[in-house]
Amino acid sequence: MRWMLLGPEVYTFLAALGFLGISLAGRPNSGRDHLAALCLSGVGVLLAASALSEDAILFSEVYRVDLFSQVFKLLLSVGLFLIVCICGEVREIREENRSDFFALIFFCTLAMMLLVSGNHLLTLYLSLELSSYSLYVLVSLRRARDMGVEAGIKFFLVGIFASALMLFGMAVLYAMTRTMNLNALNGALHGMMGQPLVLLGVVLTLSGFLFKLACFPFHLWVPDVYQGAANEVTAYLAAVSKLAGMAAILRFVASVGQGGADLVQVLLVFSVASMTLGNLAAITQQDLKRLLGYSTVAHAGYVLIGVLTLSASGYASVVFYALALLVMKFTAFLVVVKVAGNGTNLHINQLAGLHRRSPVLAMALMVSLFSLAGIPPTVGFTGKFLIFVAAMEKGHFALVLIAMANVLISLYYYLLVIKAAYLLEPEGETGPIAVSAPTKVLATALVGAMVLAGFYPYPFMEIAQAAVGVLP
Amino acid sequence: MNSLNVYLTIGAALFSIGLLGVLQRRNLIGMLIAVELMLNGANVNFMAFNRFLAPDPTVGQIITLFVMGLAAAEAAIGLSIILALFRRLHSINIERAQQLRG
Amino acid sequence: MIVAVVVGFVLGLLAPLVVRVARNGTGWITGLVPIGLFAYFASFLNRIQAGETLFFPYPWLSPLGIGLSFRLDGLSLLFALLITGIGTFVCLYSAGYLAGHPDLGKFYGALFAFMASMLGLVLSDNLVALFVFWELTSVTSYLLIGFDSEREAARRAALQALLVTGAGGLALLAAFVLMQQAAGSFEIAILVERSPDLRTSPLYAAIIFLVLTGAATKSAQFPFHFWLPNAMEAPTPVSTYLHAATMVKGGVYLLARLSPVLGGTDLWRDWLIPLGTVTMLTGAWLSLVQVDLKRILAHTTVGALGACVLLIGMGTQGSLQACMVFLLAHGLYKGSLFLVAGIVDHETGTRNAADLGRLGRAMPLTCIGALLAALSSAGVYPFLGFLGKELLYESTLVGFTPVLLAPCAVAAGIAFAGMGAVVGVRPFFSAQGRFSGQPHDPSPGMWVGPVLLGMVGLLFGLFHGPLHSALITPAVRSCILQAGDIPTPSWHGLDVKLALSALSLLMGGALYWKWSALRGRLCRWRNVGRYGPAAGYDHALCLLEAFARRQTRFFQSGRLNVYLIIVICTAVALLACALVRDNISFSDLVLQRWADVKTYEAVIAAILLTATVVTVRAQSMLVAVVALGVVGYCVAVVYLLFSAPDVAMTQFAIETLSVILLMVVLLRLPRLRTFSTSRQRLRDALVAVSAGLITTLLVLVVTTQARNPKLADFYARNSLVLAKGRNVVNVILVDFRGFDTLGEITVLAVAAIGVYSLVKLGSHRDRIPEGPPFGGEARGDDVSP
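Those protein sequences? They're chains A, B and C, same order as listed.
Each residue of the first sequence is one higher than the last, beginning at 1 in our numbering.
Each residue of the second sequence is one higher than the last, beginning at 473 in our numbering.
Each residue of the third sequence is one higher than the last, beginning at 575 in our numbering.
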């Protein structure tokens, strides 16, 4: 019996159940909960790392444990750990909801672990829904004003709408191929991708993943939810939950997409629309979280470029970009959480004079935004570069040019933020921001990671290539 | 074959009418009910394909069972969000929830 | 070699510490770094002179064929020496110029990082590495330009400079990737060998265009020249370093570096020569109307960079030689003039050329430096500037269409001479001076730069033989594949180019004397600038913002219904496209035999559809919920007909549960009315009906197509493999149920905790910030009391 086979999942499940118990026992103590979460998620990272080399197909081929899934599980665990690190005082979530909060993010991470291993449309659907449920609740938990519930209800309705479409697409695919197993689909769809109905089934099924990925046309919830949710929850949404979406869409498209010229066209439209709409809308934003929400939409577009190459190098670039996004987005939100000390939303003007108030945070913000904009030698540049090269290999010149024009637009609004942090002077007197030593270390480490992984990405690229090697 | 057509039409009609409901209702509970209709429609489709086309009938049934379970959980969560919203806004009209935009 | 590049970044991090420790000696200590690097690069002079090209490959992104390879040849060495040499003086100078500034440490950090990036840029032999350093120079320059961040103009200029050069950088990246596509490598050394492939590639024109865009933005070529004068908001040492001596020459460097790869074709000449000429004239012309010392210098720099591009575009041995000499001369005298302008500004508090005068006696040392530079700029024998100008004229005379180019070059030469004098001579000797304070020579760290740079310009001019053999000739060789003997320019007696030189000197002198009057007259034309590229940049940004705002308002209205409509419209459009493309014959679908429908099926269908319509249309929510229940039970009956009793039972149970749950909630809420307005209703109905029609068509088409013969084959072949030789149904049932235990428990747990925490969330009425308590006075249109 190989105990490590489902190690990360079972462990996360037990941890989540533990928090559920604490929550039901009803003695709120946020310090204890945070410490427990920190330890549990830290051990979870180790566990996921040690389960990296597991390989099996379980439960009559509906569940696949392979390098691809294990890499993403490791990334998810790391993401969870990082998020827990900044959840010391979640001001915007009430004391008595605090252990629910931890239970929900553990459950959500568990669902995403199931998602990255799903090898059957039903598994994918089930875990997608599961992770969304936790997020609906997490978003709605925000204390401040009415934003949380409004964001929650919008998130919820768009979400179940997307899942209804996905279900419908699955029904069509099922009717056409009479199977829902990804491996069997891969064989059955061979040569059938030209048929419009199959294409429709695939595209409709994609809607669930596109919703998760915050991609056009399911991107409209993103800015509202990012703005409305508590800062820490938004950080989780942006940094961690996107990972699972990327993994799921990769596995799905790699399984069903081969030879789908029309599918590529559809994805191309989605990609261009996401990039353009996201970047244009971000220009006008004043709320930093909302701005980052639009930037997520734009990044979903870049990710789709890698997906639509339908080539191993494209998939590998997406895996690499997933890692990059995790670090960049998390760093940006670390700054948001720390600067907005009282848990309110952060207006861009509030960043004024940040380089004096907290040089470390200013540095972290600058590097992460440069990285998001794709300025070398940061990891964001390397990721975009890999994606663009993979797309060029497949001859998508026009697409890459559009993407580059978009990168330029995005540079503009990121620069506006950096300008606020570095060049603007605050209007009133604002004291320095108290940043604890661990946070300083964390921020410095993240900056170092972004630059190092950008300048010397070779080991990560190797992992990414090995991971996509198991995809069909 | 024709029976299949009937059931598929039923499924599609459920789905489409549900769609109409989602769009036309401004009342959150109404919208939730309409989405339930859509899910039902998809389920009927699954079961119909399953009954008339599939080589092994269990897959579609299992899917339907799962979807039902998920839909029930979804309804519960949706209702509790709606309740929370009602406590804040004293309304369950979706037009009230338009602060976040732009 | 990698150490030489990296040391700047490392020291950049340490710079704040050094500044804190060194205090007054900051300039001298920090100056040690560039001078050390200068010595290091100078030690290669012999080997380079002997015609060697040194390669320093380091592994980097090996799987992509990208190495961090450096190369040192004549061209790199010339630039590396210029960067480190002038960098030394800038380090010395900055300590005095910015003395006491609280962020001096950060300034030196950025300065070192910039120097390192610039070195990396000119040493890289790999296009990707080159791009990385190229963008790094842009980023560090952003920080340096915005250093005086109190002023809005400085912030704006920094943003503008980075946006323009960043855009160019992206064009460059696209060009590099295309080059890789065409020739299969990012290594310049390999690309040089494969240049015939590139020149005949269909991508060639695109590559040239993109490379030019990149180079033009960096080197402030028309129509991107506007960012350079605006960047004069930067502290003067930054302007000296970035905007005169090094960074703006990056584009010129790139063109020179790539000319053996891409150059020598008609297309290359047809783009570069006009580009260079227009820029040269634009810079020269615009410099005449400026009064700010630094802006004058910036515009003449634009002109000089245009001349360099023009010379590279010609691509002959002579023109490249001219380019290198001119570039070196320009770096020396323009750097010096900038430093002088900074000193004058520092001492008098003004940079307005019209207000300055009589400084010669007060600051003799500065004056000497300024004079040396101005003479070199004017092209007076025996300064290096003279040689540069001679060679420029010679190239235009022997090259292409001399009738056009030579007058242009002379016109530019006149402006360089005259305006150089306005900056370098006029403040010291003009009779009138309106400024405050008692100006005097600054600390040695500040005046040593202009004086020494001026002297170097003079020395190089006097002894240009060794200069040629050591620096210029190797540099030209690295730009031309088959270089012949490169003659050292020598005295040719009286000829046309000497006459042109004399002419431009004379006219330059006249320009200097009559400058004030001329400027007044020219200022009337100032409004033309409203239609220039700078205004274009502003307009483009405004348009972009306006468009962005409009589209955001359209898509992100905050209305959930609009969000859903956008989703549905996209889906409908896709479905419709597919159905139309597939040429579905609709008559087949409609005319299928419906007669076989059994009565009980029709009855159930009728009840179901009626109940569905009631569900979505009912005014009372209670009716809607009841109707939903009816729908659910009908669906359960359908499942029974499908002989799936367990599914049907579950459906019954869950439907009952849902209805009860909804009832409970509804009873706690007030009665609701309102749908949308009638117009919205019409729109929604249209969307929904089209979506419904298409969905129905879709499923019907599925039934006609789902009997796919290929599929049957597939199953016949694979069933054994797929099911691992066992009974599929059993396998799935057993295994699925095993797996779903985890899934179902999680669903339940999530739902439970979700509901639980949300209920807790709502239960604190005291925290609700606004509005009447629950059950109190009704608010709005949808709640009746």
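Hints listed in this document are in silico derivations from the structure and should not be mistaken for laboratory results.
Think of the CB as a built atom: it goes at the ideal place given N, C-alpha and C, for glycine as much as any other residue.
Any given hint could turn out to be false.
[Stated by the list, open to error] Covered stretches of chain B, going by a simulated chain C footprint (3 or more residues, C-beta under 8 Å):
#	segment
1	477–488
2	504–510
3	513–523
4	533–547
5	555–566
[Unchecked claim] Computed footprint of chain A on chain C, listed as stretches where at least three residues anywhere in the stretch have a Cβ under 8 Å from a Cβ of chain A:
#	segment
6	1040–1054
7	1119–1126
[Unchecked claim] Label pairs and their computed distance ranges (CB to CB):
#	chain 1	residue 1	chain 2	residue 2	range
8	A	Ile57	C	Arg1124	45 to 55 Å
9	C	Leu1117	A	Asn349	44 to 54 Å
10	A	Ala398	C	Ala1073	27 to 37 Å
11	C	Gln1193	A	Ala312	51 to 61 Å
12	C	Gly610	A	Thr344	33 to 43 Å
13	C	Ala1114	A	Phe397	17 to 27 Å
14	A	Asn349	C	Val1197	49 to 59 Å
### Message
Of the numbered hints stated earlier in the document, which are not met by this structure?
### Response
6, 9, 10 and 12
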